[in-house]
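Asker: Listed below, chain by chain, are the residues.
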Amino acid sequence: MVPFGGWEMPVQYRGIIEEHRTVRAAVGCFDVSHMGEFEVEGPGALAALQRLTTNDVAALEIGQVQYSLLCRPDGGIVDDLTLYRLGPDRYLMVVNASNIDKDWTHVTTATPAEGARWRNVSEATGLIAVQGPKAEALVSRLAERDVMSIGYYRCVQGKVAGVGTLISRTGYTGEDGFELYVAAGDTERLWNALLDGGRADGVAPIGLGARDTLRLEMRYALYGNDIDDTTNPLEAGLGWVVKPAKGDFLGRAAIEAVRAQGPARKLVGLEMADRSVARHGYPVVKGDAPIGIVTSGTFGPSVERSIAMAYVAAAHGAIGTEIGVEIRGQAKAARVVKTPFHPSRVKKG
Amino acid sequence: MSNVPGDLRYTREHEWAKQEGATVRVGITAYAQEQLGDVVFVELPKVGAKVTAHQAFGVVESVKAVSDLFAPISGQVTEVNAELGQKPETVNADPYGKGWMLLVTPSDAKQWNELLTAAQYEEFLAQGGH
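Protein chains in written order, with this note's numbering: chain A, 95 to 443; chain B, 638 to 767.
Simulated from the structure, these hints should not be mistaken for laboratory data. Virtual Cβ for every residue (Gly too), placed ideally from N, Cα, C. It is possible that part of the hints are untrue.
With a straight-line cut-off of 25 Å between C-alpha atoms, the simulated SDA-like cross-links for lysine to any residue are [to be verified]:
| # | chain 1 | residue 1 | chain 2 | residue 2 |
| --- | --- | --- | --- | --- |
| 1 | B | K683 | A | G418 |
| 2 | A | K426 | B | K747 |
| 3 | B | K747 | B | S711 |
| 4 | A | K426 | B | S704 |
| 5 | B | K683 | A | A367 |
| 6 | A | K426 | B | G722 |
| 7 | A | K426 | B | F707 |
| 8 | B | K724 | A | Q424 |
| 9 | A | K426 | B | V684 |
| 10 | B | K687 | A | Q424 |
| 11 | B | K724 | A | R369 |
| 12 | A | K426 | B | Q692 |
| 13 | A | K380 | B | V703 |
| 14 | A | K426 | B | E720 |
| 15 | A | K441 | A | L302 |
| 16 | B | K683 | A | G423 |
| 17 | B | K724 | A | R399 |
| 18 | A | K426 | B | P682 |
| 19 | B | K735 | A | K441 |
| 20 | A | K380 | A | R359 |
| 21 | A | K426 | B | L681 |
| 22 | B | K687 | A | G423 |
| 23 | A | K426 | B | E657 |
| 24 | B | K687 | B | E657 |
| 25 | A | K426 | B | A702 |
| 26 | A | K426 | B | K687 |
| 27 | B | K724 | A | E112 |
| 28 | B | K724 | A | R118 |
| 29 | B | K724 | A | R108 |
Facing chain B, a subset of chain A residues (Cβ under 10 Å, in silico) [stated by the list, open to error]:
| # | residue |
| --- | --- |
| 30 | H114 |
| 31 | R369 |
| 32 | F393 |
| 33 | S396 |
| 34 | I421 |
Just need the whole structure built from these sequences, with the hints factored in.
Answerer: This is the structure:
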């Protein structure tokens, strides 16, 4: 067990690679109750969220989910998040565990409180992710209502295993699946019901280790590794959730200045020539010259090679560029490759 | 409790050594591979290289960590387990058998007696293993 944002969480149950393969081939359950949840409600909620987040909240329909960012005035990323529109004036913001306090201060002080009531419901909320090609069959079996019709990045309220749940077709693995939000006290009951009910599907509990290898094969950013207060959304490749046309928001001017010039560095996917693992903080070189830094790296159990994400100077960011990663004082051959490293199989439409 | 074969000698860095005639076979212990988790890469010296007792001779990478490999004894490498290049997971599956790493011809026979016996290594593990 490792401490993680004040929680004790298993890195692995039976082994990272085995758990990773379970999610790609069958279905796995992740207890990610450590994630933070803020509710915001009221006639001013939309305006507050438009000011705080980079994506266009006005485009969200009720029951729709959006990936987005909180940015500082200088364009640095405070956090990445998912935003749920639960009602006409009611939203749920889901943030990273390690950032709950920082984000809470940010959202409650950076915008006027008029017409928007914020509630930090992180402690009261449990979250179980059910991910993998058999996730739909498993959740369908336990749910009172139809879940097959829930589209990607859509959510509905419903009972699963008798527990009141916000059923969200989202995840952090690249597989089809759901994230199930419940009252904290119901988490264990739902967890046990999923593991019992999924035996025939080959369900298994999945730890933080496989959560990381699964997300990395998809090139999903991990806050604190790939993005942080000093990185801007454009260099991180997250320009697709920045919508300057929606009007002003925190960080907009700074991000647009970067856009006008072109970011000086880019977050790229790397593939190592051998199986040595490029890890967070390792230097990236071209010849003898330092050109960047590794932000995340692992051996990808599905792609069966060592993969990494790294910031490199924009001039060296093109697909196919041969570069080096300095591992234990030696430059190991690597190449900039297209991402995701492994094809996404999330539900489309 | 991890498997600690009685006929081997051990280091405090969790390598094992086995006398085979004039040479010594080297690998990492069951405890070491459990702690590392899934091994994905093993970097070994070339045949003919010299290794020095208590000094790093290579590296083992798992999904979650990287760790140096320490030589139990000084000597010359006469063989390395090339199969680990393709199947590093053998270190997890069979750490005392097919997951071996080096064969070394010792240059200082006295060093053998400085290694931990199985009983001493078990006690070291019982005290936390570090």
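Asker: For each hint, tell me whether it holds in the structure or not.
Answerer: Status of each hint after checking the structure:
1. Only pairs whose Cα atoms come within 25 Å are accepted, and K683/B paired with G418/A is accepted, the gap being roughly 23 Å.
2. Taking the CA atoms of K426/A and K747/B, the gap is near 38 Å; set against the 25 Å cutoff, the hint is violated.
3. As the CA atoms of K747/B and S711/B are separated by approximately 10 Å, the hinted pair is consistent with the 25 Å bound.
4. For the given pair, K426/A sits about 17 Å from S704/B by alpha-carbon distance, which is consistent with the 25 Å threshold.
5. Under the criterion of a C-alpha separation no larger than 25 Å, the hint pairing K683/B with A367/A is consistent with the structure, at around 19 Å.
6. Annotation: proposed proximity of K426/A to G722/B holds, straight-line Cα distance about 16 Å (limit 25 Å).
7. Restraint check: the Cα-Cα separation between K426/A and F707/B comes to about 22 Å, which is no more than 25 Å; the hinted pair holds.
8. Between the alpha carbons of K724/B and Q424/A the distance comes to roughly 23 Å, so the proposed pair stays at or under 25 Å and holds.
9. At roughly 21 Å between alpha-carbon atoms, K426/A and V684/B fall within 25 Å of each other, so this suggested pair holds.
10. Taken as a hint, the K687/B and Q424/A pair is honoured in the structure, with Cα atoms around 20 Å apart against an allowance of 25 Å.
11. Distance hint between K724/B and R369/A is fulfilled; the C-alpha atoms sit about 11 Å from each other, no more than 25 Å.
12. Straight-line distance between C-alpha atoms of K426/A and Q692/B comes to about 23 Å, which keeps the hinted pair within the 25 Å bound.
13. Between K380/A and V703/B the CA atoms are separated by roughly 24 Å; this keeps the pair inside 25 Å, and the hint holds.
14. Between K426/A and E720/B the alpha-carbon distance is near 21 Å, which keeps this suggested pair within the 25 Å criterion.
15. Straight-line distance between C-alpha atoms of K441/A and L302/A comes to about 23 Å, which keeps the hinted pair within the 25 Å bound.
16. Taking the CA atoms of K683/B and G423/A, the gap is near 18 Å; set against the 25 Å cutoff, the hint holds.
17. A distance of roughly 12 Å separates the Cα atoms of K724/B and R399/A; the hinted pair therefore holds under the 25 Å criterion.
18. Between the alpha carbons of K426/A and P682/B the distance comes to roughly 16 Å, so the proposed pair stays at or under 25 Å and holds.
19. Taken as a hint, the K735/B and K441/A pair is broken in the structure, with Cα atoms around 43 Å apart against an allowance of 25 Å.
20. Under the criterion of a C-alpha separation no larger than 25 Å, the hint pairing K380/A with R359/A is consistent with the structure, at around 14 Å.
21. For the given pair, K426/A sits about 15 Å from L681/B by alpha-carbon distance, which is consistent with the 25 Å threshold.
22. A hinted pair counts as satisfied when its Cα atoms are at most 25 Å apart, and K687/B with G423/A qualifies at roughly 20 Å.
23. Distance hint between K426/A and E657/B is unfulfilled; the C-alpha atoms sit about 35 Å from each other, more than 25 Å.
24. Taking the CA atoms of K687/B and E657/B, the gap is about 19 Å. The hint holds against a cut of 25 Å.
25. Taken as a hint, the K426/A and A702/B pair is honoured in the structure, with Cα atoms around 18 Å apart against an allowance of 25 Å.
26. Pair hint K426/A plus K687/B holds up; C-alpha atoms about 23 Å apart against a cutoff of 25 Å.
27. Of the supplied pair hints, the one linking K724/B and E112/A holds, its CA atoms being roughly 15 Å apart against a limit of 25 Å.
28. A threshold of 25 Å between alpha carbons decides the hint, and for K724/B with R118/A the separation of about 21 Å falls inside it, so the pair holds.
29. In summary, the hint linking K724/B to R108/A is supported, as the alpha carbons are separated by about 19 Å, within the 25 Å threshold.
30. A hinted interface residue such as H114/A counts as satisfied when its beta carbon comes closer than 10 Å to some beta carbon of chain B; here the least separation is about 8 Å, so the hint holds.
31. Because the smallest distance between the Cβ of R369/A and any Cβ of chain B comes to about 4 Å, under 10 Å, the interface hint for this residue holds.
32. Annotation: F393/A was flagged as interfacial toward chain B, and the flag holds, the nearest CB pair being 4 Å apart, inside 10 Å.
33. Interface restraint check for S396/A: the shortest CB-CB distance to chain B comes to about 12 Å, outside 10 Å, so the restraint is violated.
34. A cut of 10 Å between beta carbons decides the hint on I421/A: the least distance to chain B is about 9 Å, and the hint holds.
When held up to the earlier numbered hints, the structure conflicts with 2, 19, 23, 33 and fits the remainder.
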